[in-house]
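Chains A and B, in that order, are what the protein sequence lines are. Taking the numbering used here, I'd label the letters of the first sequence as residues 1 to 305. Taking the numbering used here, I'd label the letters of the second sequence as residues 1 to 655.
Do not rely on the hints blindly, as some may be mistaken.
Far from chain A, by Cβ distances over 12 angstroms, these chain B residues were calculated [claimed, not checked]:
no., residue
1, D16
2, T23
3, W137
4, A142
5, L143
6, T220
7, T223
8, V224
9, K303
10, P328
11, S420
12, T551
13, A579
14, R649
Listed next, the in silico BS3-like pairs over lysine-lysine satisfying Cα-Cα at most 30 angstroms (straight line) [said to hold, decoys possible]:
no., chain 1, residue 1, chain 2, residue 2
15, A, K144, B, K149
16, B, K149, A, K135
17, B, K149, A, K140
18, A, K24, B, K647
19, A, K119, B, K149
20, A, K96, B, K149
21, A, K96, B, K647
22, A, K25, B, K647
23, B, K439, B, K293
24, B, K311, B, K363
Derived from the structure by calculation, the hints contain no laboratory data. Using N, Cα and C, we set each Cβ at its ideal position, and we do this for glycine too.
Okay, here's what each chain looks like letter by letter:
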Amino acid sequence: MAQDVIVETRNLTKDYRDFWGRRKKRALNALNLTISRGEIFGLLGPNGSGKTTTIKLLLGLLFPTDGEAFVFGEAGANVQKNERVGYLPEESYLYKFLNAEETLDFYGRLFNMPPSLRKSRAEELIDTVGLSGDKNRVLKEYSKGMRQRIGLAQCLINDPELVILDEPTSGLDPIATVWMKGLIKKLRSQGKTVLLCSHRLDDVQDVCDRIAILNEGQLQELGLVSTLLQDANRVELQASGVPISEDLRRELEAVLQRHGGKVEFFGHPTTTLEALFVRIVEESKAHPGRRYLPAADQTAAGDGD
Amino acid sequence: MFAALSLERDPAQIKDLVPGVQTWAMEVGVFATVGLICWLLFRRRSHRGQVGEPWPAAVRTFFTLLVLGTLFSYLAVGALRLPSLIDVVKAYFRDKPIPELSSTLSPAERILLTVAGGCAVLAVLLPLLVDVLRLRWRRIWALARLSFKEAIRSRVLWGFSAMLLLFLFGSWFIPYDELKPEDQVRNYITLVYWGMVPLLLFVASLLAASSIPTDVRLQTIHTVVTKPVERFELILGRFLGYGVLMSLVLIVMTSVSLLYVIRSPHPAAAAESFKARDPLYGELLFYEGGQRKGRVFEGGAKKARGENVGKEWDYRSYISGGLGPQFPIVYAVWNFESVPAASFAGRDKVRCEFNFDIYRTTKGEENKGVFCEFVFTTPNWSAERVNEYERERDRLKGAVDSMTAANQLAEKYGIFEFPSKEVVNFHTLYVDLPPGLFKNAAEAKPSKGPDAPPPLRAQVRCISRTQFLGMAKYDLYLRQDQPDNEGVERWLFYANFYKSASGLWLRLCLVIGIAVTLSTYLSAPISWLATIFLYMTGMVREFVQSVAEGTNAGGGPAEAAFRLVSRTPLAGQLEDTVATKVVSGSDVVNRWIFRRFMSVIPDVDRFDFTDKLREGFNISLTQCSMDGLYLVAYLLPWAVLAYYLLKSREIAAPT
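Could you build the full structure based on these sequences and the hints that come with them?
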């Protein structure tokens, strides 16, 4: 196995069976994929497509029916590999009677970390995930987003080389989603490998280098996001500082006709709803008292200014 | 005084250790062998990828050797048994009476079975031993702390406040003042243990049985096992966590109970109960048809048990007071093989306590109890010196006080007589022995042989005509501690109170161990029910054993059901019909199953030290240690089972 291959599956297959050993469902069928060091790899698929099963097989939470799963060249069930792995499950399954500090201390102990390192690492991560003000509250008092944040902190307690995130933006508001995506990109910049599993396509598109699309346990597509999303039959041109006018449109159509093409859309591009939401919330934070006013009121307010 | 401690089996001793280990290896070895066979048969069908690192070649070779050792040892036992099996087959084909196969093991068979069992146990333990090197205390302790915090923060401990209610209102139900004031402390001890035992066992088993299943249900276990945590660490962590929690609760509750018990006791109760006798027991024999020779009783048929007076509980057997001096004597003898004679010789007196059951065949004389006679001798006593002894006794009479005279006589001749002592039914009475007797015993030359006299022999005879005295081995003993020192005795009682709690602690460890093991595979309610079932079966283990061995009245389960349906009395003979043959045949199978199951049933009663505490007997550290070792031996196979169950379990599998 090449040195920079972090995750590899060979014909990885998983059947779920009933009490009598009869096959109920094939959750994963002969999956072959590799993930290299420093990549953000996305596993995409609808519910029940085998994404989470793949992750559980890699982590030894399930045993393969056939094929093999390797992480750092070791079998999935080998617990030693977990020293270098961080895992954030789909729901943040943490002990709700512990507070944030105790949670991180507990998981730090599981990594056999000395007390001083546990303490400093916990403080750093609580700060990173923005829970400094709530670190003494027990987790059962946390909102879903807060639990996801502390879940991410426990995932990073051992400064892992491979971070496995199962639906990391589940339950997060758009601001937290943006923050999470930024953090994932930051992890890559730190040289970590990220395996991301999600059915939120925009998240995957924003952060992943490569993706695999699964459906009903079968690998449907695998490759670079940029390559897979590229539409070779279309050309996109974005320009700034030019007002929209009929003249401009006609001239552009003429140029495109000469090259055998045609204009499909001509106008101002729209931003994403996520970008709009983030901008408005940030403006609101910057200017306390900002509020929405209907168009007439806005005019009136403008008049007043 | 009223202290009647009944010990229906000998307390565990150091000498039981080696045979115990041997039996353990044989019994656990059978289960280990079955496990090995299953593994060999089904290993190809097991899940792929669940095996961690491959073993080093040396470990693989060792494992193979152990499997071969098991195989060849069992084959050798088979070879030793082959001739008798051939005889059975020959008899069957030649229509001769089929000889019965011996159920007792020859020394060679015992050794071979121990080797086979030991090899099988080691082979099964090997993967665990390899993994043990990877266990880390910090992780185990983290998981233990987690269990601890979980129990505290889920307010489980509120349940223990029920105990306080019991203490608050317990006195309402114990009207000791009107009946027997001396029973007050004894009743309080009974009360606190009746409260503590079920409460603690219930909570401990419930917590332990629900821990891992709850983790699996809530999927919190996913974030734990995806860390570098060995699955056995999970088991140890849970066991340790609940063990520590229940230990702390037990310490607190025992202290509160002690305060409750010792608070303003009735003086009679304090005198009766605040002690921890350290008894030295002898071996009891009965002699029937003996006669007085010199000062002692001699001759007669030696028997392990005395008369049976028809009582259902046959713990004690009886000696008769006879019908008159012309009739042969029936007497009981306690042989004390190990007496610390030198130590006893330095005391003012050595107390010999006894408590006998009186069985009257006539009303006896009005206002007169039942009397018995004691004679204590050392090996230096000789019937040839009886005249010399009697002359000296007569000379000393009046010259010195009776105790000094008895001491001088005992030191010189090795005999001490107590010709008439009134016995009160089930009351502990005593005779103070002079230290001279032990000085004489210390000077005696040790002799060996089956008929060699022991350092001290106590002979007891009932001298009330037509009356019977019931006695058992543990009904007469020498006190190794110093009686009549109230301050010291009280502190020994306090220590004994905590030692008694150690028996409950062992039972708590037992249920936690079983419940954690079962919960690695079963759901929480099923684990808890199975734990309680095992524990309660352990409480009636002796009965189950009698069914397994076919010694109980009424036969096995099938025969019992048949008797119930056909309304046949327990003692009635079953008719020889096809139905009874089927019933008897199925009970053979049932008994075989019961015998296999016997090794799984915990011996719960051995951890119950309450009787000793209540009756004021010291709970020896040897007994506590031996029972602790028994617990370790019992729980070790459970721990191995838990290791395999959790290691082979798909944690995230849909249930």
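Hint check results:
Every CB of chain A lies more than 12 angstroms from the CB of D16 (chain B), the least distance being 41 angstroms, so the non-interface label holds. Separation of T23 (chain B) from chain A is adequate, the least Cβ-Cβ distance of about 37 angstroms exceeding the 12 angstroms criterion. The beta carbon of W137 (chain B) sits about 9 angstroms from the closest Cβ of chain A, which is not more than 12 angstroms, so the claim that it is off the interface is violated. Listed as outside the interface, A142 (chain B) is inconsistent with that label: its C-beta sits roughly 3 angstroms from the nearest C-beta of chain A, within the 12 angstroms cut-off.
Remark: the non-interface label on L143 (chain B) conflicts with the geometry, its nearest Cβ contact in chain A lying 8 angstroms away (cut-off 12 angstroms). Against chain A, the non-interface label of T220 (chain B) is violated: not every CB pair exceeds 12 angstroms, the least being about 5 angstroms. Taking the minimum C-beta to C-beta distance to chain A, about 6 angstroms, the non-interface status of T223 (chain B) is violated against the 12 angstroms cut. At roughly 7 angstroms from the closest C-beta of chain A, the C-beta of V224 (chain B) falls inside 12 angstroms, breaking its exclusion from the interface.
A cut-off of 12 angstroms between C-beta atoms confirms that K303 (chain B) is not in contact with chain A; the least separation is 60 angstroms. The Cβ of P328 (chain B) sits about 73 angstroms from the closest Cβ of chain A, beyond the 12 angstroms cut-off, so the non-interface label holds. Distance check on S420 (chain B): its Cβ is at least 71 angstroms (rounded) from any Cβ of chain A, clearing the 12 angstroms threshold; non-interface status holds. Every CB of chain A lies more than 12 angstroms from the CB of T551 (chain B), the least distance being 40 angstroms, so the non-interface label holds.
Listed as a non-interface residue, A579 (chain B) keeps its Cβ farther than 12 angstroms from every Cβ of chain A; the least gap is roughly 36 angstroms. Not every Cβ of chain A is farther than 12 angstroms from the Cβ of R649 (chain B); the closest lies at roughly 9 angstroms, contradicting the non-interface assignment. This hinted pair checks out: K144 (chain A) and K149 (chain B) have alpha carbons roughly 23 angstroms apart, not beyond 30 angstroms. For the given pair, K149 (chain B) sits about 17 angstroms from K135 (chain A) by alpha-carbon distance, which is consistent with the 30 angstroms threshold.
Annotation: proposed proximity of K149 (chain B) to K140 (chain A) holds, straight-line Cα distance about 14 angstroms (limit 30 angstroms). The straight-line distance between the Cα atoms of K24 (chain A) and K647 (chain B) is roughly 23 angstroms, inside the 30 angstroms bound, and the hint therefore holds. Using a Cα cut-off of 30 angstroms, the hinted pair K119 (chain A) and K149 (chain B) holds, with the two alpha carbons roughly 19 angstroms apart. At roughly 11 angstroms between alpha-carbon atoms, K96 (chain A) and K149 (chain B) fall within 30 angstroms of each other, so this suggested pair holds.
Restraint check for K96 (chain A) and K647 (chain B): the C-alpha separation of about 26 angstroms stays at or below 30 angstroms, so the hint holds. The suggested pairing of K25 (chain A) with K647 (chain B) holds, with an alpha-carbon distance near 24 angstroms, which does not exceed 30 angstroms. Of the supplied pair hints, the one linking K439 (chain B) and K293 (chain B) holds, its CA atoms being roughly 24 angstroms apart against a limit of 30 angstroms. Only pairs whose Cα atoms come within 30 angstroms are accepted, and K311 (chain B) paired with K363 (chain B) is accepted, the gap being roughly 18 angstroms.
Against the hints set out earlier in the document, violations occur for numbers 3, 4, 5, 6, 7, 8, 14.
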